[in-house]
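Make a model of the complete structure from these sequences and hints.
2 protein chains.
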Amino acid sequence: MKAEIIAVGSELLTPDRVDTNSLFLTEELNKLGIEVVRKTIVGDDRQLLADAFRGALQRVELVIASGGLGPTEDDLTRETLAELLGRHLRRDDAIVRAIEARFRSFGREMPRINVRQAMVPEGAEALDNPRGTAPGLWLEDAGRMLALLPGPPRELKPMFLEQIVPRLMRRVSGVRMFHRELRVAGMGESHVEQLIAPIYKRYADVNTTVLAAPGEVQIHLRLWTADARHAEKTLGEITAGLQLALGERIFTTRGESLEAVVAQLLTLNNATIAAAESCTGGLLAQRLTSLAGSSAYFLGGVVCYSNELKTAWVDVPAETIQAKGAVSSEVAVALAEGIRRSAGSTLGLGITGIAGPGGGSEEKPVGTVHIGLAGPAGVKARALLFPGDREAIRWQASQIALDMVRVHFLYGGPAPGSLQASGQEPGRG
Amino acid sequence: MKAEIIAVGSELLTPDRVDTNSLFLTEELNKLGIEVVRKTIVGDDRQLLADAFRGALQRVELVIASGGLGPTEDDLTRETLAELLGRHLRRDDAIVRAIEARFRSFGREMPRINVRQAMVPEGAEALDNPRGTAPGLWLEDAGRMLALLPGPPRELKPMFLEQIVPRLMRRVSGVRMFHRELRVAGMGESHVEQLIAPIYKRYADVNTTVLAAPGEVQIHLRLWTADARHAEKTLGEITAGLQLALGERIFTTRGESLEAVVAQLLTLNNATIAAAESCTGGLLAQRLTSLAGSSAYFLGGVVCYSNELKTAWVDVPAETIQAKGAVSSEVAVALAEGIRRSAGSTLGLGITGIAGPGGGSEEKPVGTVHIGLAGPAGVKARALLFPGDREAIRWQASQIALDMVRVHFLYGGPAPGSLQASGQEPGRG
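Protein chains in written order, with this note's numbering: chain A, 279 to 707; chain B, 279 to 707.
Don't read these hints as lab results, they were simulated from the structure. Treat each hint with caution, since some may be false.
Since copy identity is lost for identical chains, a pair holds within one copy or between any two.
Below, in silico cross-link-like pairs of lysine to aspartate or glutamate (EDC-like), each with a Cα-Cα straight-line distance of 16 angstroms or less [as the list claims (entries may be wrong)]:
1) 280 / 306
2) 511 / 306
3) 435 / 403
4) 309 / 526
5) 642 / 608
For clarity, every value in this text was computed on a predicted model and none was experimentally measured.
What follows is the structure, encoded as structure tokens:
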């Protein structure tokens, strides 16, 4: 089955807003084996709206529209559609009572204007909206199906899942979409593509998308089939192939974030962590504490921008800073060891670098970052050179730091004295 | 003049990707006085593509399309359009040579397949693409204008600005869009709307949009006119009216971020700042250091999750934690004073709270946050209760903390002993 999505609302035609409901709708439709072949975004204009619905109903069996169901005169979806299909609008008193009750629950009286939301085209079914005043509509016409949903995501999503999905389930064939998401840190998109293309291209029935996200590459595998065993087998095979090609660079085959993977590893190993940051300015601590329950493994962190505070707060020897510079492997290691000692954690991370745009030199250009990871068995350091702007450099630095923690647990921790200070690795982007 | 935007590419119909080129294009078209009335997103399918172009050319004078100009067989925009308009495709040898030169500059030979990119419909003008292989196309047909641009933003944006804007400039009337953006922290969307609607509704020619962003409300004023003086006068009047209605809650009338405003105030006042965070986990430090040059005012920060580290690192008295609890005004104040002392900064911020989802109680529910701001003249504390999930609570807490710094400078700093510990303020959101 093929579908089109129509997003209604003049605010979606400004430079400030993008329609994101269609991403959720596409994902859910795909799961049912329904393909989205076109999306249209149109303002609150009767003629343009009619044109959009007319075109979509000519092309596909299923049209999902969002927005334009509010109580004001701008909201034209209901009227336009009734007119287009030649159906009268009738007032549904049960809906009026439901809207009145909703207003009463806030201690307010229903404004007369909201009666418009109770108008239902003949033959349409109104869809209950417990989270807002605008009911949705479900309508069948000449073999076409049409769903009108409210625009706010917190109203649209449950209405779609609870009231549209069951209606579609009865009509779709057994074909569903099976999806797997692998993520890779510390490699560029084209490098990943080059290594994996020979593998995934052997599977003509699997749709593979390689997306570059900040500091990582995401590989989406999608297979449309009615045969769940075939899907599991095929996706399992490709995944195994990609794991051979990319090895430890794959940090998840389940679409998790890097911080979630690191959190699991820390918890599993009963380990705690602390961080001393300079150029990332708190980003690493923020990511380590972004998940619920992070107090179980994250003890604390410091952000020390100035040399004085690096010494005062984390005991980085002033002589080391003087001899090697604040941006050096030695200082990254001292930060990692210092914060580990001070917090009493299993692991300590130290980051120092030049996020720019200022502060770079020929010897240490903008993007130079040193990361240290101290553990019970010793300390490891990496030197990197990241491309991009300040935000991109900070994000990539935090990404590699988290990845060092992940790799640490893969190999059971670094050997003592494995400090690498032998020049910079190439940038990873 | 009215325009439609067509984004071409099957990847834009997956659940992972949203078309963002149209936001940039809309902004730039609006500046020229051109209104975008519809956006269409369509896959790499000859019939669906032809249908999209045919419809748009029937409705509007200007059609801007992005994507589908690559060298592979999926890329159909060029062929489809030539066929639709009944124009032959001719190979442009100058383009072939330009693509060959581009490949040579990377030390590679041009694959034969790229010759497709040199095919130009009769009567169309090829648009140079110094940043990629796909040239753009400009085409006029029966009073309609059509621009085909490459999909990657770094190729599309300069091509549009350098080659499309000048062509449009010659054709548009003097009407342009004038835009002003005000931002408000610490108030909800509906509250702002209620206070300002009576003001902006008096200006029928100004399009006003109120958008809720995390922890702030953005007010966009847009006026389409040929008369720059009228625009400045009108937008200035509304801005003044909104300032009367919202007072100090407006933190910018120029669309800046709250961290940028705080950075300016710190710099202007030759002040430095440090932060001690618990529930925000480094987010506040990260935001304070997100701008270039932040080392001039941000000295350092600590993230102390555990009670022990609050005492060890920031000298929060263990008795205070025991008597009042880690989430209390007293601890927020002690964090603020402690970090100020330890970093030697002009101002110190302390945040403690319950970001959830666990850790709440009847007395201190999830969303409870205490913020302290210590300065030379004393200390101020606020108690808040934020709605939303972990991420929303942390963001709103950092937002109010930054806003306290801003308000501090508005009034030249808090009076000594102005500690407010008299119960929670209502949640702001």
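Original post:
Checking residue 280 and residue 306: alpha-carbon separation at most 16 angstroms within a copy, between copies, both or neither?
Top reply: This pair counts as within: shortest intra-copy Cα distance 13 angstroms, inter-copy 34 angstroms.
Original post:
For the identical chains here, do residue 309 and residue 526 meet the 16 angstroms Cα criterion within one copy, between copies, both, or neither?
Top reply: Neither way: residue 309 and residue 526 sit 30 angstroms apart in one copy and 49 angstroms across, limit 16 angstroms.
Subject >> Intra- versus inter-subunit Cα pairing at 16 angstroms for residue 511 with residue 306 >> reply: Neither, since 23 angstroms and 49 angstroms both go past 16 angstroms.
Original post:
Checking residue 642 and residue 608: alpha-carbon separation at most 16 angstroms within a copy, between copies, both or neither?
Top reply: Result: close within a single copy only, 15 angstroms intra versus 44 angstroms inter.
Original post:
Given a CA cutoff of 16 angstroms, do residue 435 and residue 403 count as a within-copy pair, a between-copy pair, both, or neither?
Top reply: neither (18 angstroms within a copy, 45 angstroms between copies)
Comparing the model with each numbered hint stated earlier shows that hints 2, 3, 4 do not hold.
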